[in-house]
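As they're listed, the protein sequences go chains A and B. End of the first sequence = 387 in my numbering, gap-free, step of one. End of the second sequence = 287 in my numbering, gap-free, step of one.
Label-pair distances were calculated between CB atoms; the ranges are:
(1) A/Tyr216 to B/Arg125: 29 to 39 angstroms
(2) A/Leu235 to B/Tyr162: 38 to 48 angstroms
(3) A/Ala70 to B/Tyr162: 17 to 27 angstroms
(4) A/Tyr216 to B/Asp266: 52 to 62 angstroms
(5) A/Gly111 to B/Gly285: 30 to 40 angstroms
Chain A side only, calculated, beta carbon under 10 angstroms to chain B, not exhaustive:
(6) Tyr26
(7) Pro27
(8) Ile28
(9) Glu36
(10) His43
(11) Glu55
(12) Leu85
(13) Gly111
Anything over 12 angstroms on all C-beta distances counts as not near chain A; from chain B, calculated:
(14) Trp32
(15) Gly39
(16) Gln195
(17) Tyr235
(18) Lys269
For the record, the hints were derived by calculation from the structure and aren't laboratory data. No residue lacks a Cβ here, since even glycine has one placed at the ideal position from N, Cα and C.
Chain by chain, the residues:
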Amino acid sequence: MRKVMTGHKAVAEAMRQIEPDVVAVYPITPQSEIAEYYAEYVHDGIVHTELVPVESEHSAMSACVGAAAAGARVMTATASQGLALMVEVLYIAASMRLPIVMALANRALSGPINIHCDHSDAYLARDSGAIQIFCESAQEAYDYMLMAQRVAEHDEVRLPAIVNLDGFTLTHSSQVVEPLPDGVAKKFVGNYKPFYPLLDVDHPATWGPFAMPDYYFELKRAQAAAMEKVPAAFLEVQKHYSKISGRRYAGFVEGYKLDDAERALVVMGSTAGTAKAAVDQLRAKGEKVGLLKVWLFRPFPGKEIAAALAHVERVAVLDRALSFGAMGALYCDLAAAFVHAVHRPTFVNYIYGLGGRDTTVDQLVQVFAELKDAHPDEGLRYIGLRE
Amino acid sequence: MPVKAKPIPEAVPGVRHPMEKYLRTDRLPHIWCAGCGLGSALSCFLYALDELGWDPNSVAVVSGIGCTGRIAGYVRLDSYHTTHGRAIPFATGLKLAKPDLHVVVFSGDGDLFAIGGNHFIHAARRNVDLTILCVNNFNYGMTGGQVGPTTPLEGLTTTTPYGNFEHPFNLVHLAASAGASYVARWTTLDGRRLQRAMVEAMRKKGLTFVEILSPCPTNYGRRNKLGDGLDELRYYAKHALIRHGADPKEAEIVPGHDFLVGKFVDVEKPTYLEMYEAKVRELGGKR
Ligand SMILES: Cc1ncc(C[n+]2csc(CCOP(=O)(O)OP(=O)(O)O)c2C)c(N)n1
Ligand code: SF4
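Bound-form chain A, shown alone (with noise of 0.2 angstroms):
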């Protein structure tokens, strides 16, 4: 059935259908409402998940990794400041193979302090070994967090996962998202068994010892095999949720008036959304412009983007956080994915949208059209920014 609902209401509802054995949280703008709308399902004892409402976000991913060792699933949710705490931990939990699930609230990094949205939180823990989903709507978020889950406790995964939504444009803003029916989403998501869990007695394990110079690195290739095996689940559990849910999802990106585009966008997030107004305000007008959404940012999908764009001549890519002293990371991996290519579209990186700046369809036109004969060797540009 249809509803109206914030982006945090589409993300409590999933956790709720999950039901994961324990959240923990600590609140954080944007992202409060998710754990406030889910204590509430645990109070009013509609799920039997223990919330702890920690005293840090670095005590949250600590308390996630301890009880996911000992096998349980696990969930959080937080934002920036937020992330950046956890990040120590979410790297164990990665080298660990724990599929610890969580929303991130998109939301600038300090400083200075500000609450509202762009990727530096995401770009922060983007070699954390944790999978990254970008998400375009309340709906795409809702999905993804019930698709993420299937995901990172697949058997050959076991990594955790983040789940990225715009802190207020998708966070705190009402939209139509229809969820699956109680029944459908449980199924979907299955029972979870954990590998050796260490409330398994009669097996005891051993989590998080020392690894010298004669074992890390082997480690570490194990644990980055794990990610390879991620595109091909990311597959077949979107193909398994397009069918339960009729909504189409397929692929690690997705293409928006593209197959005869001449000029692209490449974008992650909600802004995909104001990218398609601008795409259609152009094609009205003949232009022949599209837009490349990227859904799955880790692992990058490097083949399938150079395969979606081999055609395209101009490309904008467009990045929501600066890597200081480098282009911005979309760019970068994307113009890795073309170092082989013998077809290579113009590039150019747009960094746009930080602490919240808004970015209009009006905007993206322009970008659309200096993308018309716009040079790389200039460097970054910039978009609604005073200079």
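Starting from the structure of chain A, add chain B with the ligands where the hints point.
Okay, now just chain B with the ligands, sitting in the frame of chain A:
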């Protein structure tokens, strides 16, 4: 150097804040809700500063994040708005680098005792020469009223909609046990007493701690049906018992019961810097 500030718009014609000279009036009006105790807490601090008569350039205010943390932005002093929980380590660094500076940490109970709790116990253990003013409103005000380490048992918050079941901290007892040289507690109703305690705390060497019980009518007060800010002050008037020198263990706060305020600890002991300098001298080093 403090910037020249524009005067505060007069809410009541002809009436100005008597301590306006210490306020960054260009930042006003403030963000706090009507009936919040933070304005009183800040006013007491400004009066205390005035009573001390210190050169404003010799005082620095350090806050974490939260409604209380906003204080750093409103004072016409050198001030620092650190990340959530890190006011004390920042202040420690400041004090060690500039021992002549009077360093005051002004922050919320969540900032100082949840995410930053570790720093508090170690600063108190070391007896770092800092004054820590903690506004305790029994929840995380800024983020919408979630349960925190001072929320009383059965307290209603957005994350404990059916009542808190975690034991809260008794901050007076915690500060005393961790080694603070001075520990007092007052409510925002006790304006003059609170001011006096702040003066004493700032004058005294070593780690000095003042807990300020303060209404949060928007979140904690509303959810727990404590009425508006004034009703909470009436509650303080009814239930606060002044007991100087009482055993800090007795300073627990249980809703509906009397609770203790006053000065609980006032002892002399060498500060962190004094200990450090003595060690350097002992080893024949230079300072
Ligand atoms: C690392 C981090 N986590 C969470 C937050 C969100 N946050 C801001 S203020 C606050 C709590 C404030 O409570 P308290 O210190 O009691 O101050 P009050 O607002 O009640 O004065 C929280 C959780 C943050 N800013 N940074
Ligand atoms: S939320 Fe509470 S603490 Fe914050 S300004 Fe309002 S009344 Fe004061």
